[in-house]
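Asks: The lines below spell out each chain.
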Amino acid sequence: MNWFMLALVGRDQTGIVARITQALYAAGATLGEASMIRLGGNFTMMLMVRHAGNAAALSALVQPIAKAMGLTFHIDPINGELHRHEQPNVGISVHGADRAGIVARVTSLLNDSGVNILNLDSDVGGSEAQPIYVMRIEGQTTRSIEELNQVLAPLVSEGIRIHVDELDAMVG
Amino acid sequence: MWMNSTQWSGEHSFMAVLPVLTYPDSRLTGVSKPVERFDSALRDFIMDLEETMRVGPGSVGIAAPQVGNLHRIVIVDVSEKKGVSHHGKLILVNPEIVVRQGSLVGREGCLSVPDFTGNVSRAERIRFRARDMNGAIIDIQCEGYEARAVQHEIDHLDGLLFLDRLSSRRTDLFPRKKKS
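Just so you know, the sequences run in chain order A and B.
Numbering-wise, the numbering used here puts 61 at position 61 of the first sequence, and it's gapless, one number per residue.
Numbering-wise, the numbering used here puts 155 at position 155 of the second sequence, and it's gapless, one number per residue.
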């Protein structure tokens, strides 16, 4: 059995998840971790799939549904590596009036500080006339919260709101 | 006997690390019974339970059903965590939360659910009553991280895991600021 990443996107509509996963299940494939979300008017899927065949065989399972529903997809072989979750120890919340470069500048500063991003979610809210950008990052760092606040201070002085908080899972 | 196994009776001169059950073991979803006898067998078991908690990776709490003993006993000790208000080691028998105030989203993990953590909303401040291991009444108010740990452990006594209370990753963009 081989692991693949199925990346799929298309206009949001009812039945994408059910039809794709049913076709995979019927063909003997099993699923790993997944991230599926509506981004704008698009439904997106990143899905770990384990299948006995090669990428072409897996593609043949997805193709008829993609064609019928107007979806595009891509399949890559991957290493499965389940049961190796990395725990984030820092969370960074960012929001402000939407403008070009927020993500690039925040993540570049974090990258320069050695922060490894494990998870990033972002939304554009507000109105079309006054869009706001909202982003949440979770990552791993060896820096202190104070150090990261200093690193991000130039952006704060430009009016972008940034909160850095320590994440410490309570294990009980 | 308050426990239905003879292995708990008699002299118990050393502590032991007990095997921790992992989900989906059905005992983790059972409802635990109140402790009725505060005897040496109870105290011996609590010593073992604490020893088991101490060797767990980063664990700040444990509940009796996590080692297969379905009685209402939990231990919480967050005193090792920096910058967290706490009441030291809490050994709580038959605990009951009597007041819940506020709510706070925070990340939780569990000895019984390896390799997974998730965000859970808990009351920010609680007041609870319990007995200590000798049967004396405890009445404590706590908040934040310690309150989270107490709520997580008491949930175990009702057969609930943090998996039953997960909130969406995406809708928890801004955890409320912890009050110090």
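Since the hints were derived computationally from the structure, they do not count as laboratory data.
Backbone N, C-alpha and C fix where the C-beta goes; we use that ideal spot for every residue, glycine too.
Do not rely on the hints blindly, as some may be mistaken.
[As the list claims (entries may be wrong)] Covered stretches of chain B, as calculated for chain A (at least 3 residues, CB under 8 Å):
1. 25 to 33
2. 36 to 46
3. 143 to 154
[Claimed, not checked] Cβ-to-Cβ under 7 Å is the rule here; a few derived chain A residues that face chain B:
4. A60
5. I78
6. N79
7. N89
8. A169
Asks: Which numbered hints does this structure break?
Replies: As far as the earlier hints go, 1, 2, 4, 5, 6, 7 are violated by this structure, in ascending order.
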